[in-house]
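*Asks:* Please model the entire structure based on the sequences and the hints provided.
If you're matching them up, the sequences are chains A and B in order. Letter 223 of the first sequence, counting from 1, is numbered 223 in this note's numbering, and no numbers are missing. Letter 433 of the second sequence, counting from 1, is numbered 433 in this note's numbering, and no numbers are missing.
Derived by calculation from the structure, the hints in this document are not laboratory data.
Output of the computed footprint for chain A on chain B, the stretches with three or more beta carbons under 8 Å from beta carbons of chain A:
no.	stretch
1	267-278
2	282-293
Here are a few chain B residues that sit away from chain A, every Cβ distance over 12 Å (derived from the structure):
no.	residue
3	T4
4	L6
5	I33
6	R109
7	D126
8	K132
9	Y248
10	T303
11	L310
12	L318
13	D322
14	T363
15	G414
16	H423
17	I436
All residues carry an ideal CB built from backbone N, CA and C; glycine is no exception.
Here's the letter readout for the chains.
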Amino acid sequence: MTNAFSVRDAHKRFGETPALAGADVALRRGEWLGLLGPNGAGKTTLVRAMSGRVHLDRGSISLLDVAFDGTPAHDEARRKLGIVPQEIALYPLLTVTENLRAFGSFLGLAGRELDERVDWSLSWTGLSGRSNEPIDQFSGGMKRRLNIACSVLHGPEVILLDEPTVGVDPQSRQRIWEMLAELREGGASLLLTTHQLDEAQNVCDRIVIIDHGKTIASGTLTELLGQTIGTVRRVTLTLDGTAPKSLRERGFSIDEDHDIHREVEDVAAELPAMLGDVSDAGAVVTDIRIDTPTLQAVFLHLTGRELRE
Amino acid sequence: MIATLLRINWINLRRDKVALGLTFVLPIVFFSIFAAIFGGMGGGSGGSGGASATKIIVVDLDRTELSGRIVEALDGQEALSVSTGPKPTEEEPAPYTRDQARGLVRQGRYPAAVIFPAGFSETFGDFGGGGKPVEVIHDPANPIVLHTISGLLQAAAMTAAPDVLMEKGMGQFEAAGGTLTPTQRVLLGTFKGLLRGGGAASADRAGESATSEAASSSPFSGLIPVEAIDAGKNEEEPDAKPRSIVAYYAAGIGVMFLLFSMANGAGGTLLEEEERGTLERLLASNVSMQSLLFGHWLFFALTGIAQVTLMFVWAAVLFGLDLWSPNHLVGFAVMTVATSASASAFGIVLAALCKSRAQLGGTSTIVILIMSALGGSMVPRFIMPAFMNTTALFTFNGWALDGYLKVFWYEDPGASLGRAMIHILPQVSVLVVMAIAFFGAARFLAKRWEAA
Chain A
1 MTNAFSVRDA
11 HKRFGETPAL
21 AGADVALRRG
31 EWLGLLGPNG
41 AGKTTLVRAM
51 SGRVHLDRGS
61 ISLLDVAFDG
71 TPAHDEARRK
81 LGIVPQEIAL
91 YPLLTVTENL
101 RAFGSFLGLA
111 GRELDERVDW
121 SLSWTGLSGR
131 SNEPIDQFSG
141 GMKRRLNIAC
151 SVLHGPEVIL
161 LDEPTVGVDP
171 QSRQRIWEML
181 AELREGGASL
191 LLTTHQLDEA
201 QNVCDRIVII
211 DHGKTIASGT
221 LTELLGQTIG
231 TVRRVTLTLD
241 GTAPKSLRER
251 GFSIDEDHDI
261 HREVEDVAAE
271 LPAMLGDVSD
281 AGAVVTDIRI
291 DTPTLQAVFL
301 HLTGRELRE
Chain B
1 MIATLLRINW
11 INLRRDKVAL
21 GLTFVLPIVF
31 FSIFAAIFGG
41 MGGGSGGSGG
51 ASATKIIVVD
61 LDRTELSGRI
71 VEALDGQEAL
81 SVSTGPKPTE
91 EEPAPYTRDQ
101 ARGLVRQGRY
111 PAAVIFPAGF
121 SETFGDFGGG
131 GKPVEVIHDP
141 ANPIVLHTIS
151 GLLQAAAMTA
161 APDVLMEKGM
171 GQFEAAGGTL
181 TPTQRVLLGT
191 FKGLLRGGGA
201 ASADRAGESA
211 TSEAASSSPF
221 SGLIPVEAID
231 AGKNEEEPDA
241 KPRSIVAYYA
251 AGIGVMFLLF
261 SMANGAGGTL
271 LEEEERGTLE
281 RLLASNVSMQ
291 SLLFGHWLFF
301 ALTGIAQVTL
311 MFVWAAVLFG
321 LDLWSPNHLV
331 GFAVMTVATS
341 ASASAFGIVL
351 AALCKSRAQL
361 GGTSTIVILI
371 MSALGGSMVP
381 RFIMPAFMNT
391 TALFTFNGWA
401 LDGYLKVFWY
411 EDPGASLGRA
421 MIHILPQVSV
431 LVVMAIAFFG
441 AARFLAKRWE
451 AA
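*Replies:* Below is the structure:
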């Protein structure tokens with residue numbers, strides 16, 4: 001599979017401060033890639049470089065296999081790129097339609113094509129009923145949807161999304177993910193930066209984590225788990241009464257609440273044996289909880305920081 | 001609690017350089033400008049340290065020894081700078097004719113011209129009021145100059161020809177003859193009163209005294225009768241529509257508010273784009289920085305044209321400004337396009353200099369008010385000291401105002417359209433150069449918004 005977007009060994013300094021120090025990102029065609037990193041890790045600089053708004057000191061960027069070098073081929077490739085900014089970068093006194101038409105025009109659309117894409121956007125965002133209203137009184141979720149639409153009017157093959165759901169309520173967020181899923185079904189490749197690790201874990205095919213300006217891990221969640229904290233599950237059994245100390249000899253740990261724990265590779269295979277051990281010890285299990293390793297844990301393991309720090 | 005609030009406010013003020021400028025620097029600068037205009041730099045009340053001599057033309061059609069003496073006395077007045085002919089290109093340059101002098105005043109090159117008529121010396125010193133009047137062709141836009149010249153003429157007569165006055169006075173006295181009749185008493189009283197004014201005193205003292213007297217009395221009284229003539233009045237077509245002083249105020253106010261509109265419009269919109277994030281978004285798409293700046297500049301230049309046009313049409317409809325004659329209309333259109341183009345570019349360059357809308361608001365207020373004060377939007381330039389008049393040439397307002405005044409006030413009513421355009425060519429050229437320079441500077445400064 002060829003790459004939709006590729007950044008190799010990206011270096012960038014602002015004065016004495018290194019912003020990128022060897023970042024590598026590869027967005028495959030048709031893929032949904034999450035770009036994660038703590039604040040100050042270099043995410044914004046990387047996305048701005050991919051948008052053509054930051055020139056690298058060293059390294060290379062290519063979009064749809066065309067190098068970022070200012071040639072006509074590059075300009076042509078850039079027309080297939082959509083950039084959704086984190087800010088709600090719209091004209092507040094313009095109506096929905098007027099905003100769409102303005103940004104469509106900036107993106108090179110005109111005439112019937114522009115009309116058709118505006119109609120599509122109104123339908124896609126669910127804003128058809130309010131198309132002639134100025135957007136300054138709209139909710140954050142509505143503005144977010146329009147903000148995304150204004151970047152994808154031209155039907156880009158590659159879309160960079162910088163925190164597309166920041167500051168919106170869960171329902172609106174769900175609506176936005178559905179919209180983005182439609183784009184993906186249409187064949188678009190999406191690179192997403194977000195602070196919502198659970199969402200990244202749910203929607204992204206692969207994850208890239210950067211810190212201190214360089215890529216420190218990349219892969220699917222399973223691959224990342226394998227590279228870091230492993231894929232073991234933690235099984236917790238709650239007992240009806242005090243946990244017998246003999247369970248320690250059978251590989252369980254006992255906490256102060258008298259819940260017992262064991263880490264296992266294969267829950268389905270090992271859980272019956274665990275329950276048998278408990279029964280043999282004379283205890284009765286009243287509840288079972290299985291903790292799956294999360295992206296949050298991977299992130300914490302790799303960076304030593306919570307994402308929001 | 002109060003101390004904490006005071007401290008917070010002080011820290012905020014200290015760190016906000018624009019607010020500091022508005023609070024402490026702008027009032028001082030404004031005070032200094034107006035003190036320099038009205039008080040003379042360092043000269044105190046009536047001081048002349050920085051005040052400029054009024055440049056006038058003197059045309060001596062009488063060409064007698066007496067008129068020569070009075071012209072010389074006028075030339076000796078500190079308050080006047082007398083020109084009797086074009087700059088010498090030959091050994092004995094021809095003196096100005098009356099028509100030349102009137103044309104130069106009409107064009108605003110001089111505020112006034114004094115014309116000594118042929119036969120002036122024959123009737124000079126006629127205390128019965130039968131003297132031939134001296135014409136003072138003046139620019140009504142400058143309400144001071146007529147009174148000043150009228151007063152200084154009386155002073156010049158006293159200092160240059162006291163002997164003639166005495167001789168003429170006694171001659172009239174003897175003509176009346178015998179014991180003093182009531183008519184003789186009136187004549188004597190008039191004569192004594194005139195001499196009491198300090199005829200033999202120094203020219204400067206006499207000049208000051210005469211000026212102050214003249215300022216509070218009619219310019220038509222005194223030893224030398226004065227006939228005031230409006231330079232703008234069309235002597236060939238007495239029924240022609242007179243010039244309207246409204247043009248002066250329309251231009252002054254219009255240009256100042258144009259600058260404010262452009263700073264808030266062109267500049268504000270650009271910074272708003274940056275703060276809102278649309279600037280980043282546009283630059284990341286197919287829009288180039290040149291296109292972005294040009295688009296904003298063009299829109300606000302057109303807005304400026306509409307704004308100034310509305311003001312002048314309003315002045316024409318309500319205050320009788322002659323906007324519709326071909327020379328005025330075309331001249332107005334050319335000046336308005338050049339002025340608006342330049343003002344819009346000025347707004348863009350201010351935006352490129354400032355980091356935020358708040359900073360732009362403060363900075364533009366300071367810059368525009370100072371430029372307006374120096375450039376003549378608030379106080380007519382003719383009452384400014386010479387150095388301030390020179391300073392005005394470094395301001396946008398100075399050139400824009402000069403151009404509009406050339407169209408509506410200092411025009412030649414008989415000029416063809418081509419000549420009328422050539423008349424404003426220097427101002428239009430400077431404004432166009434300013435527009436290009438401002439836009440170039442804005443483009444350079446806008447690099448901060450481009451890819452890092």
